[in-house]
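So the sequences go chain by chain: R and E.
The numbers in this note's numbering rise by one with no breaks, and the one at position 98 of the first sequence is 98.
The numbers in this note's numbering rise by one with no breaks, and the one at position 144 of the second sequence is 144.
For the record, the hints were derived by calculation from the structure and aren't laboratory data.
Every residue gets a Cβ at the ideal spot worked out from N, C-alpha and C, and that includes glycine.
Don't take each hint at face value.
Dumping the calculated SDA-like pairs for lysine to any residue here, alpha-carbon to alpha-carbon at most 25 Å [what the hints assert, rightly or not]: (1) E/Lys76 with R/Gly100; (2) E/Lys30 with R/Ser22; (3) E/Lys76 with R/Leu96; (4) E/Lys52 with R/Asp58; (5) E/Lys231 with R/Leu96; (6) E/Lys76 with R/Phe104.
If you anchor each label on the Cβ, the simulated ranges turn out as follows [unchecked claim]: (7) E/Arg33 with R/Leu96: 39 to 47 Å; (8) R/Arg80 with E/Ala44: 45 to 53 Å; (9) E/Ala44 with R/Gly72: 31 to 39 Å; (10) E/Thr164 with R/Asp2: 15 to 23 Å; (11) E/Glu139 with R/Arg213: 29 to 37 Å; (12) E/Asp22 with R/Ala121: 58 to 66 Å; (13) R/Gly68 with E/Asp22: 45 to 53 Å; (14) E/Glu114 with R/Asp215: 46 to 54 Å; (15) E/His112 with R/Arg213: 51 to 59 Å; (16) E/Leu81 with R/Ala209: 20 to 28 Å.
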Amino acid sequence: MDREQEEFVQRITARYVEEARSGQRPFIGDYLARYPQYADEIADFVAYYHAFEVDLPDETRIIPVLSGQFRGAVDTAWERVVATEIQTSSTFTSLLGAAGKRQFTVFQLAERLGLSDDILAKLERRAINATTIPGELIRLLADVLQEPSSVVQAFFGISQSYQKHQAFQALHVAEAQAVYQANGNEQSFREVIEESVLLSEERRHAWIAIMDREDMQKS
Amino acid sequence: MLCLEKVAVILKEESVPSVEKDERDVELEKRRRGLAILFDALPAYGSVAYWKAVEACEEEVLPLEVLVRCVRDALKRGDDLGRRRIFEVIFRRTQSANEYWANNVIKTMNLHVEEQSVLISDLYADLCECVMRALLDSERLFWEESFQHCLSFERRHVFRTLMTREGRWSSETTKKTARVPRALVVSLDQPMLQPAGDLIELHIEDEMAQKALLAVEHSDLPRLILSLPDKLKAVVLLIFWEGRTEKDTAMALGISDRTVRNRLREALKILRDSHELERALLYG
Chain R
1 MDREQEEFVQ
11 RITARYVEEA
21 RSGQRPFIGD
31 YLARYPQYAD
41 EIADFVAYYH
51 AFEVDLPDET
61 RIIPVLSGQF
71 RGAVDTAWER
81 VVATEIQTSS
91 TFTSLLGAAG
101 KRQFTVFQLA
111 ERLGLSDDIL
121 AKLERRAINA
131 TTIPGELIRL
141 LADVLQEPSS
151 VVQAFFGISQ
161 SYQKHQAFQA
171 LHVAEAQAVY
181 QANGNEQSFR
191 EVIEESVLLS
201 EERRHAWIAI
211 MDREDMQKS
Chain E
1 MLCLEKVAVI
11 LKEESVPSVE
21 KDERDVELEK
31 RRRGLAILFD
41 ALPAYGSVAY
51 WKAVEACEEE
61 VLPLEVLVRC
71 VRDALKRGDD
81 LGRRRIFEVI
91 FRRTQSANEY
101 WANNVIKTMN
111 LHVEEQSVLI
121 SDLYADLCEC
131 VMRALLDSER
141 LFWEESFQHC
151 LSFERRHVFR
161 TLMTREGRWS
171 SETTKKTARV
181 PRALVVSLDQ
191 PMLQPAGDLI
201 ELHIEDEMAQ
211 KALLAVEHSD
221 LPRLILSLPD
231 KLKAVVLLIF
241 WEGRTEKDTA
251 MALGISDRTV
261 RNRLREALKI
271 LRDSHELERA
281 LLYG
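Next up, chain R with everything else stripped away, as it sits in the complex (with noise of 0.2 Å):
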């Protein structure tokens, strides 16, 4: 059963779910017979509903703390998430390499992040301090490369999944952000949009408005 027909499935027991539930007493004959396609399925759930969902507790107004067991087994779910996540996400290593597989010049590329080439420069070599790039800058990239946001901030190395999967793999992308950072090369997006001498006054204006915005989001 493919997507869309589960979800038709989903549709056609959240009626029933919904009648049971109001006390109507459906019958269940009545929808296997008009949905005959998705009998078993049907079956299936109807049978699991009275088995293990019909007594389940309703959401209380007043939100638990998580118990400590549950709290481990959503922190296990995560990590699981986290490390697929991670392994499915293609990486680069390159901004300009990946813009090139879209046939973007370095050029395009700036127009297109409403930019200038020599802040894109210093963005390919990560001479930025990473934590101080905005976020609209990552979902610009992420939109104009076609790629996750993930995978734009794995680049940086500011996804926290990105960090955690650091600590036990050693990759090409960290070793070069440690070499600029050894460096000292280091400057804020807040400077390098200031300093910057091919930026236009407008662009500039535009920026420093989305990280005033976000500064405040912040606090």
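Add chain E to chain R, keeping to what the hints say.
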């Protein structure tokens, strides 16, 4: 911030849509729009006010469907910590139901206390993982409309996986069950207790198995049905759960009376075999 009640008032004041639409569809559409209004009314992402709204409790609590959209928004923004924080809220809010469910599932497996505790943790971790993956998949739109029902589906999926993994079912489309829950074995040993007025016309050869199945507590029947192969479930459900005749069942499923009888016989044979297997395991 808007709460669901306020949104309901706004939507109630709007004009009534065309009569061609099914009443339920109209309600659904209203609900969808209500949820969208709530999401759009949230303060700027990541602000203090935003987190206050997401983590609010009691009267100001956001519908879980809105939190699904918040998770997806966090994902789009590449905010790992943010989505983790929203997951936390979701799991706290669903904890009591999930905990009750996990305990119930494990209880049916007749395990030692220590084993139960370990398995509950595993089961809950599996459930959380499935829910996280589903919420991060923006194509699974029904989560944004009916969170609790999607959660039920996810729990069912995890339950099936557990039963298969633990060898209770030989595979997801198993032909044969390994064993029947102990509670049911006890029921099967009891004399037939047919509820008054439940006159079910059966023409099957395996009369003993049929009687045994009728002796099972009505509320235990769905659990027993779950252990059957998919194609047999509907027949047993209609005849023993809903009390339909073979003829009715055949009509509802669009199959012949003979097929109904064959499927019923097959189901009863499986249940009988598994009952005997269980007895052998229990008493040697």
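Do the hints match the structure? See the list:
| no. | hint | in the structure |
| --- | --- | --- |
| 1 | E/Lys76 with R/Gly100 | holds (23 Å) |
| 2 | E/Lys30 with R/Ser22 | holds (19 Å) |
| 3 | E/Lys76 with R/Leu96 | holds (22 Å) |
| 4 | E/Lys52 with R/Asp58 | holds (23 Å) |
| 5 | E/Lys231 with R/Leu96 | violated (56 Å) |
| 6 | E/Lys76 with R/Phe104 | holds (23 Å) |
| 7 | E/Arg33 with R/Leu96: 39 to 47 Å | holds (44 Å) |
| 8 | R/Arg80 with E/Ala44: 45 to 53 Å | violated (31 Å) |
| 9 | E/Ala44 with R/Gly72: 31 to 39 Å | holds (34 Å) |
| 10 | E/Thr164 with R/Asp2: 15 to 23 Å | holds (21 Å) |
| 11 | E/Glu139 with R/Arg213: 29 to 37 Å | holds (30 Å) |
| 12 | E/Asp22 with R/Ala121: 58 to 66 Å | holds (60 Å) |
| 13 | R/Gly68 with E/Asp22: 45 to 53 Å | holds (47 Å) |
| 14 | E/Glu114 with R/Asp215: 46 to 54 Å | holds (52 Å) |
| 15 | E/His112 with R/Arg213: 51 to 59 Å | holds (57 Å) |
| 16 | E/Leu81 with R/Ala209: 20 to 28 Å | holds (25 Å) |
In the structure shown, a violation is registered for the earlier hints numbered 5 and 8, in ascending order.
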